[in-house]
Structure formats: structure tokens, C-alpha cells
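Undergrad: Single-letter residue listing:
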Amino acid sequence: MTITEYFNLLFTDYTLRTITLGTAVLGAICGMLGSFAVLRKQSLLGDAVSHAALPGIAIAFLITGTKDSNVLLLGALVSGLIGTFWIRGMITKTHLKTDTALGLILSLFFGFGMLLLTFIQKMPNANQAGLDKYLFGQAATLVESDVKIMIIVTGVCLFILLLFWKEFKILLFDPDYTKTLGFNTRFIDVLITFFIVLAIVLGLQTVGVVLMSALLLAPAAAARQWTNSLGFMVFLAAIFGAFSGVLGTAISATQNNLSTGPVIVLVAAVFVIFSFIFSPGRGLLFREIRFRKNRKDLQLKKTLQFMYGIVESHENISHPHAIRILNNFHGYTKGSLRTLEEKEWITISGQQWALTQKGFDEAKDMYNQQLKND
Amino acid sequence: MDETKLAISVDDLTVAYDYKPVLWDIDLAVPEGVLMAIVGPNGAGKSTLIKAILGIIKPIAGSVAIYGKPYEKQRKLVAYVPQKGSVDWDFPTTAIDVVMMGTYGSLGWIKRPGQKEKKASLEALEKVGMLSFKNRQISQLSGGQQQRVFLARALVQNASIYFMDEPFQGVDATTEIAIINILKELRKAGKTVVVVHHDLQTVPEYFDWVTFLNVKKIATGPVKEIFNDDNLTKTYGINYKVAVNK
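These protein sequence lines map, in sequence, to chains A and B.
Residue numbering for the first sequence follows our numbering, starting at 1 and increasing by one per position.
Residue numbering for the second sequence follows our numbering, starting at 375 and increasing by one per position.
FYI, nobody ran anything at the bench for these hints, they're computed from the structure.
Just so you know, not all the hints are guaranteed correct.
Unchecked claim - No farther apart than 30 Å at their CA atoms in a straight line, the calculated lysine-lysine pairs in the DSS-like style are these:
{"#": "1", "chain 1": "B", "residue 1": "K508", "chain 2": "A", "residue 2": "K179"}
{"#": "2", "chain 1": "A", "residue 1": "K302", "chain 2": "A", "residue 2": "K343"}
{"#": "3", "chain 1": "B", "residue 1": "K608", "chain 2": "A", "residue 2": "K179"}
{"#": "4", "chain 1": "A", "residue 1": "K97", "chain 2": "B", "residue 2": "K458"}
{"#": "5", "chain 1": "A", "residue 1": "K293", "chain 2": "B", "residue 2": "K443"}
{"#": "6", "chain 1": "B", "residue 1": "K562", "chain 2": "B", "residue 2": "K443"}
{"#": "7", "chain 1": "B", "residue 1": "K458", "chain 2": "A", "residue 2": "K41"}
{"#": "8", "chain 1": "B", "residue 1": "K508", "chain 2": "A", "residue 2": "K97"}
{"#": "9", "chain 1": "B", "residue 1": "K485", "chain 2": "A", "residue 2": "K166"}
Stated by the list, open to error - Covered by chain A, per the in silico footprint, the following chain B stretches (three or more residues, Cβ under 8 Å):
{"#": "10", "stretch": "426-433"}
{"#": "11", "stretch": "461-469"}
Computed from a prediction, not measured in an experiment: that's the story for all the values here.
A virtual CB, placed ideally from N, CA and C, is assigned to each residue, including glycine.
All chains should be modelled from the sequences, with the hints used to inform the complete structure.
TA: Laid out in C-alpha cells, this is it:
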């Protein structure tokens with residue numbers, strides 16, 4: 001199946017439509033909440049939480065014996081939340097730094113989860129196969145009820161986000177100040193964290209515990225490059241997330257044996273790389289272009305100023321002077337001379353240059369401006 | 375002094391981060407309408423004192439009253455200007471947006487700022503001379519401009535008491551003068567202003583009240599009466615006069 005076939009099938013095939021809708025919604029909610037995680041500098045929290053969810057999945061299976069994704073994800077939610085609160089506890093109650101606490105919980109829970117998974121796989125029970133799908137995700141396992149839950153959670157999350165928008169924003173920017181205004185910062189904080197954990201758990205089936213954090217962070221990191229408004233950043237991150245989900249699923253579904261998680265993450269990474277290079281305000285490309293242009297402008301102005309200094313003492317401003325008296329310390333090159341001539345600030349004849357009236361006025365203007373700035 | 379109301383009174387306030395006390399048994403009475411500096415060496419607990427009064431840090435013991443009532447009931451009378459470095463200025467928002475945050479407290483939960491709040495925020499920006507930067511992304515402001523935006527955010531709260539944590543740190547002379555003029559205006563309007571301050575040279579010029587702090591309270595009172603070598607030496611642990619004249 002090729003990608004075009006896949007998208008044609010979307011209109012006729014019910015299963016494909018369910019899966020695509022599911023990954024789009026998932027990408028959107030992850031992008032939205034990921035913006036908050038990135039701005040709170042809690043990027044690694046997502047990684048720890050998704051890994052911490054693994055033992056929950058295994059334990060839920062051991063207790064209930066079913067592979068119903070809702071039951072397993074409930075288990076994931078519980079162990080994800082326990083992991084989160086342990087991390088917070090470690091940070092506030094001990095001298096450990098955040099990264100240490102995150103790393104400890106991540107590997108501890110993940111190790112325990114892997115142990116349980118191997119144990120389950122050796123159980124004499126035909127039902128156990130397929131739990132390892134939660135490691136790297138398999139979008140093909142999404143069914144209608146999964147997608148319904150995703151849509152409901154996203155709806156609730158969007159509602160809460162709009163309702164407490166002002167509170168979320170101020171807490172993200174300045175928590176101490178928020179406290180002095182009388183807001184219960186703990187409540188807002190727990191609310192944000194809970195929804196971040198919820199989004200991660202929702203994504204486990206599709207993207208898997210190992211790479212889930214990337215779907216949370218990559219769309220947000222890409223969106224940050226394009227805007228200086230929090231609202232637009234959240235919106236854009238949702239769009240990027242949705243597209244990563246849909247494209248990633250499409251690519252993995254059209255090839256044999258491609259786990260969905262890695263492909264979605266790679267698509268999201270393309271968004272990030274593109275944004276880092278090409279965004280107009282913060283992108284590397286335009287920054288370099290601006291930098292070079294500014295430097296060239298300054299060089300031109302320096303040369304013109306130097307010429308002005310020579311000419312100033314002469315009565316006739318357009319009296320020709322030898323090029324070799326120009327000092328390349330001031331940025332004089334053959335190229336800059338040519339540009340000055342193109343701007344009609346100077347004329348060149350042979351080995352001599354002369355300032356035009358236009359160039360003289362320009363330099364004088366610059367000189368006055370400099371005086372004003374000092 | 376008996377006739378003046380007490381804006382802030384602090385009783386037996388003790389704060390510890392670990393086992394070591396940061397503030398020990400602080401009693402403080404600040405009369406209404408003064409412009410007060412809190413001075414002391416690094417690690418003396420100046421910022422902590424403000425944060426404990428504002429309930430950002432929980433004290434081990436002691437109580438704080440604002441105009442005779444517990445702080446929790448008097449929040450709307452109090453505005454806080456945190457240290458500029460305490461937030462990430464690369465946050466995606468604009469100057470006017472930050473100032474508008476000053477109105478969130480009176481708005482309460484959920485309600486969004488409207489025209490009235492926007493107008494008040496624009497006025498505050500104008501007062502600090504930053505009106506033309508209202509739509510500027512905050513990361514593109516200079517240190518002094520960022521400090522002015524923070525000040526405007528507190529002004530918009532229209533409080534009676536202002537707490538400021540090192541508002542002069544890392545700002546140029548122009549901004550420092552602009553800020554101190556606004557503080558003096560606030561005092562003229564009958565407000566009480568408490569400032570954590572580092573530059574001892576400017577204390578007599580800027581402030582009329584001073585508190586010397588070094589874990590314990592050394593002295594508090596009018597600058598004219600208590601800003602002397604004796605208290606400076608007690609606070610900084612060196613013979614201040616000798617050290618300065620060297």
C-alpha cells in the first residue's frame with residue numbers, strides 16, 4: 001500500500017478512519033499539554049511518567065486477566081500518577097535535584113515494568129501476547145471505544161484549559177507572584193500535572209512508553225519557534241501534534257512491521273528541525289541572514305564615515321581621493337566600494353573615489369544620529 | 375508615632391529552610407506611609423523576610439498582620455514586585471500582558487480581564503515610561519525595561535503596601551531614577567513601600583525608614599535616627615566606616 005492509496009482508503013475504510021482520527025486527536029492533546037510541560041521546564045517529567053506507567057499496565061493485566069485497553073490504561077494512569085507524586089516528594093523532601101529524582105523513578109518503574117512483562121510472557125496463558133505492544137505502540141490496535149475516550153478527554157481538557165486559561169498562564173510565568181494574588185497555586189499545579197499525565201497515558205497504546213515524551217515535547221518545541229503568544233503556541237502545537245500523528249500512522253500502516261511510535265516521533269522531529277531552521281523570528285537561517293546583513297551594513301557605514309572624515313575638511317565635497325588611502329580597518333573592501341557606488345553615495349574613476357552629495361548627506365546624517373545616541 | 379497606623383506588624387517571625395534559621399525571631403512594626411529599605415549582607419534573609427510576610431514561604435513560627443488583620447484577609451492591599459531574575463523572560467508573552475497579570479487578583483478565578491483592566495494596565499505602563507513598548511515580546515526588553523514592567527504590574531494592583539525585592543539590581547542609572555521617583559510618588563500618595571536594597575550609599579537619599587537585618591533584626595526606624603556606623607557595623611560585622619574609607 002502506498003501513502004496515496006492509504007489516504008484514498010481513509011474515505012472508505014472504517015478501521016483506518018478510526019485509527020487516523022485517534023492519532024490526530026492524540027497528537028492535538030499532546031501538543032497542547034506539551035506546551036505547558038515545555039514552558040514549565042518539565043520536559044523530562046513526561047519521559048518519567050510514561051515509563052512509570054509500564055508496571056501499571058502489567059499489574060492491571062495480572063489482576064484482571066483482560067487485555068481491554070481501557071482497563072490497562074487505567075492501571076497505567078494510577079502508576080503514572082504514583083510515579084509523578086514520588087518524583088515531587090523526592091524533590092521537596094530530600095536534597096536530590098529534579099533530574100536525579102526523574103532518572104531514578106524512570107528507571108525504577110520501567111525496570112519493574114519490564115520484569116513484570118517477562119514474567120507475564122512466561123505464564124501458561126494464551127491471552128498474554130501483545131502486551132509488549134505498549135513498549136513502542138501500535139496504532140492499528142485502536143478501536144472505536146479508545147478513540148471515543150480520547151475525544152472525551154480532549155474535550156474536557158480543552159474546556160478546563162479555556163476556563164482556567166488566565167490562571168494557567170500566570171502560574172507558568174510567575175508562580176510566587178500568583179500565590180501573592182491569592183490563587184491556590186497548588187490546585188492549578190495539580191490540575192496541569194494531572195492532564196499532562198492523562199495525555200501521556202492516552203498515548204501509550206499508540207506511541208508506546210519509550211517514545212511518548214517526544215510526542216509531548218516535539219510539537220511544543222516546534223510551535224515555540226513560530227510565535228510569541230502563548231495562545232497561538234498552544235494552538236500551533238496542537239496542529240503540529242495532530243499532523244505528526246496522522247502522517248506517522250499513515251507511513252507506519254503502509255509498510256510492514258513498522259511500529260507506529262517511532263514513525264510518529266520521527267515525523268514530529270521533522271517539524272522540529274524545520275522550525276528550528278526556517279522560523280522567521282528565532283530560526284537559525286534567518287538569524288544568520290540578519291546577522292550577515294547587519295554586519296555588511298555596518299561595514300558600509302563605517303567606510304562611508306571614514307570617507308566623510310576625509311572629505312569634511314575640503315571645500316569641494318566631490319573632490320576625488322585615492323582609493324589606497326582608505327583603511328581596511330574600517331571595513332573597506334572592493335565589494336563594499338562597489339555597493340557604495342550602487343547606492344550612488346560615491347563615484348569611482350580609476351584608482352580614485354569621490355563622495356556624491358547624496359553620500360555626503362547620508363554620512364552627515366549618520367554622524368548626527370550618533371551624536372544624539374551618545 | 376502613636377497616632378500613625380501600623381501598615382505592617384510582624385511578631386516573632388522565624389523561618390528555616392533546613393535546620394539553620396534564616397530569620398530568627400523577627401519583630402517589626404512599619405508605620406503607614408514610609409518608604410523603607412531593608413538592608414543587610416548577602417544571606418541575611420532580606421528576600422526571605424518579604425516572602426514570609428507574603429506567605430510565599432511558610433514560617434516555622436510567628437505571625438504577620440497587615441493593618442491589624444491577618445495577611446490572607448488583606449491580600450488586595452498588598453502588591454509584590456519579585457526579583458527580576460525569578461522568572462523566565464523568554465516566556466511567550468508581551469509587556470502589556472505581563473502588566474495585565476496585576477489585575478488577575480481582583481478579578482478572581484476564571485473571569486478574564488476586559489477593557490477596564492486593559493486601560494488600567496496601559497496607564498501603569500505609561501507611568502513607568504514603557505507605553506511605547508506595550509506590544510513588545512518580553513525577551514526583547516532590556517533589564518531595566520523588564521524591571522519597569524514588573525513595577526507597572528504592581529502599580530496596576532492599586533495596593534496600599536508595596537513589597538519590592540531588589541528593584542534596582544542590574545538596571546541603569548536612568549531606570550533607577552525613574553523607579554525611585556515612582557516610589558516617592560507612591561509615598562506621597564500615602565502608600566507604604568518596603569524595598570530590599572543593596573546600595574548603602576543611596577539609603578539616606580532614597581528612603582526615610584530603614585531596617586537592618588542579619589538573620590536577626592538589628593534595628594528599625596527613621597533613617598535620620600538609626601542609619602549610623604554603629605548599626606552598620608552590627609549588621610555587616612565589620613567596622614563599616616573604616617572599611618568604606620579605605
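Undergrad: None of the hints should be skipped; say for each whether it holds.
TA: Here's how the hints hold up against the structure:
For the hint pairing K508/B with K179/A, the CA-to-CA distance comes to about 25 Å; that is within 30 Å, so the pair holds. Proposed proximity of K302/A and K343/A is supported: the alpha carbons are some 15 Å apart, at most 30 Å. Note on K608/B and K179/A: the hinted pairing is violated, with a Cα-Cα distance of about 34 Å set against a maximum of 30 Å. For the hint pairing K97/A with K458/B, the CA-to-CA distance comes to about 24 Å; that is within 30 Å, so the pair holds.
This hinted pair does not check out: K293/A and K443/B have alpha carbons roughly 61 Å apart, beyond 30 Å. For the given pair, K562/B sits about 24 Å from K443/B by alpha-carbon distance, which is consistent with the 30 Å threshold. For the hint linking K458/B to K41/A, the alpha-carbon distance of about 18 Å falls within 30 Å, and the restraint holds. Using a Cα cut-off of 30 Å, the hinted pair K508/B and K97/A is violated, with the two alpha carbons roughly 38 Å apart.
A threshold of 30 Å between alpha carbons decides the hint, and for K485/B with K166/A the separation of about 8 Å falls inside it, so the pair holds. For the stretch 426-433 of chain B, the assignment as covered by chain A holds, since 3 residues bring a beta-carbon within under 8 Å of that chain's beta-carbons and 3 suffice. Coverage of the stretch 461-469 of chain B by chain A holds. Counting CB-CB distances below 8 Å, 6 residues qualify, and the rule asks for three or more.
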